[in-house]
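Asks: In order, the protein sequences belong to chains A and B. For the first sequence, the working numbering begins at 1 and goes up steadily by one. For the second sequence, the working numbering begins at 1001 and goes up steadily by one.
By construction, these hints were calculated from the structure, which means they are not laboratory data. Note that CB positions come from ideal geometry on N, CA and C, so glycine has one too. Don't take every hint at face value.
Incomplete in silico selection of chain B near chain A, CB under 8 angstroms [stated by the list, open to error]: (1) G1269; (2) M1275; (3) I1316; (4) A1347.
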Amino acid sequence: MQDRTADRKYTKNMRVLSGPGMVLFVFTVSFASIDWFMSLDWEWSSTIYGFIFVAAWSLSALAFTIAVMAALSKQEPMNNVVAQLHFHDLGKLLLALVMLWSYFAFSQFLIIWSGNLARGD
Amino acid sequence: MPSRHAGSAEDEALSLINFFRDGLSTRQPIEGTVARGFLKEDTEFFTGKKAGKVSANPPAVPSQAPAGPQPSGATAAPALQGPAAYPDDVEVFPIAVTKEVVTRGKERYEIFCSACHGLTGNGDGMIVRRGFRRAASFNDDRLRQAPVGHFFDAITNGWGSMPSYAAQIPTEDRWAITAYIRALQLSQQTEQKRSGAGTSGRCAGDKRRASVTRGPYNAPPNVNRVQQRALIVGAVFTVIFVVGFFLNRDQFFYSYLFAFSFWAGISIGALALLMLQHLTGGGWGLVIRRVLEAATRTLPLVLILFVPIVLGAHRIYKWTDAHTVAEHPVLTEKSKYLNLPFFTARAAIYFAIWLALALFPEPLVALAGPHC
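Here chain B stands alone, though its shape is the one from the complex (with noise of 0.2 angstroms):
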């Protein structure tokens, strides 16, 4: 009799008894028969292999040794791509590859694989990067061309330094897992075909970016329209301008001032806007953000517009005027600050600051120094 714990009763279990004559303690099933929810007749189902290819019953043993090398070294079979390198496992779906699978398996994904395999399946899930075996890339050449069953097999069975998942996941959701990894790895081909080898990988989970599809902007016809009104409109209001300006030349220069305030703030505020969104990041700047990037484009014509302001400054301001400035002594002190070649050279500070944030911000970065 094996060794066994003093008074244990979990052990009667598995201990020899007399009564039978077999001398187990358990019957065994009557030959023929099938335990419920074991029997495993689809074969391609349970198993991800080719019917015919494997036992049905008992479940299949990995072709795989689950302690065997990683798949990703050269050892494994490097001639060999595509099916051609895992004839046994099937190539299609045995399930109806629906949304609501591929929802489902999205979820178990993140569940269960994204840790290792990374939200985006290169590989690089978060325990990866805190040092642990590289997992492999769902999206390199070997994966990519993989049958499924490949997938399912190794959820099943394990693959590599990774554990078979059989027990965690059922049989249902392995599949629905499988369908998940090959949108993910549909999802980020198109990613690596545009941006070339090895800038992949570096932001997870923005899948939604890989999807749209880029090409010139054309602007809408309308558009043209819209710019002939504004053209009108702004030709009738440069008449009305020019008027004003011979009528009465120190409230042009003032009402000069209050709209350039408006359309300055525009351009300047969507500076403003551009450097939040790449601060904070989110969905709604990555919409507006071209928007905003032609908006800081005018402020070349804001510095030109605002060149009247300095010619017009002794019209608006009365700090330009000797004669007030010599009768109030504080704003005697405060010419200082306040005289027209300061407010002319901070105004031109201004500026220069604004149009190298918004035009040259390359040559800023690699002024600050190297990183990444």
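Next comes chain A alone, as it looks inside the complex (with noise of 0.2 angstroms):
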């Protein structure tokens, strides 16, 4: 829509939405990952397994457009438009994404694996 018109209220439109769109987002994801991952295994449970998706999701994505822009920046239009710098950007956000997912990841297996030690008493 907003190349047909380049109309800027597009643009403003989009960021309202997008704060309690983040919210309902992460809100989603969550109970979706619950409902249809967490529960495989009834007997577990796990509280940071929401966010877990959440930033896994938009790590798979990310790097899923990184690749399909890589392919594309090589040819007319888009090597116009795409420059090395803008790949220095995704590529520091593409990390800072691996570093939240692997957060996450490394909370909950830390709490298991301190779960699991033999006791001392």
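Each of the two chains sits in its own frame; use the hints to bring them together as a complex.
Replies: This is the structure in structure tokens:
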């Protein structure tokens, strides 16, 4: 739509929507991951499970997008738009998401690991 | 003798003295000489006026009185446009306009001019936004057609409520700023032509956007080739998929769920990145935004792909089995939440929210109420 009209109204509207949208998104993805994947083992539970999925799905989407951009950026017309600089930025964001995901995943792992330790008493 | 501060040494230089015959304490330059740095031979360079239109030395009296009315008002020669409105001003740069000059001009412009004229030259600088009188916009027709000498003259001698900047900005830099103003006008002109009147000036500073040529995006030809290959790979795996369905149905649905989480993650995650980009802005997202938007457009497909999970739920999830639920008290309690109808209803809500965010953002914004 914006490509056709170049109306900045859309940019503003999207920003207004994105705030509440992000909150809704985290909630829905958390519950979806609990329903669809955590419930596979009904005896097991993890409170950070939803966040792992929020991070992991964003991460896979970004990785996929970067791969698509890398393929498109070699040809017209994208090679006029995409610069080395953008890939540097995307790479940094990818690293940030990887670290976020590993932080969540390790948090879960650490608690399970410590819970499995033999008791000293 | 004029009144003077008692014992003030500074006044001595200007005081009456009887040593010289003319009574001046400082000497005048010898007739026919020019002090170093004050030779302003190149009239066009130093005044922005056509040679012959001004007396060379001393500098010209400004043709427009600095304290005069705001030129954008209707009083200032409304009928005349372009060079005709400023017949005395030079129309070509008296310096070579190189990239270095424009870069220098940009730097100086942002230091001295942007506070009032704004970073894009729309006359909406920070001071104007805080209530100061609106500065002239370089992007209206009057200034777009004005000769370069006019800008130089305005910087040198002031214009309307704008003071003279001759003392702060050296001559060379005044021309550099003029060159940058021309660049700004070019960049904003394309923007206005495309978006129509009235929408400019909201988003200052993003000049790069204006220079990107637009047009219907045609995918490069090898995308078709990729598509064909993907179709072949897809067909092959569909065959394996169907074989798996008949060989080991439990494992089939379990694996299906795993694959679903991978592919659904890409389009659902794209939605998150898209919203993140809208919230934070930044060049990185501008480049990948259309790809992300395309990815979120596959969400209806993800919804369809979810149907087999509901159909095969009794093979994937142990909590769907009434027998197992009855055996375990914990699971009996959990069945208030973990039961197939509620599971399906919840999934429907998730998809409704995702699809609404991805496909119908405009009505959602309208629902949120008036703003802007």
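Asks: Work down the list of hints and note, for each, if the structure agrees.
Replies: Do the hints match the structure? See the list:
no. : hint  : verdict
1   : G1269 : holds, 3 angstroms
2   : M1275 : holds, 4 angstroms
3   : I1316 : holds, 7 angstroms
4   : A1347 : holds, 7 angstroms
When held up to the earlier numbered hints, the structure conflicts with none and fits them all.
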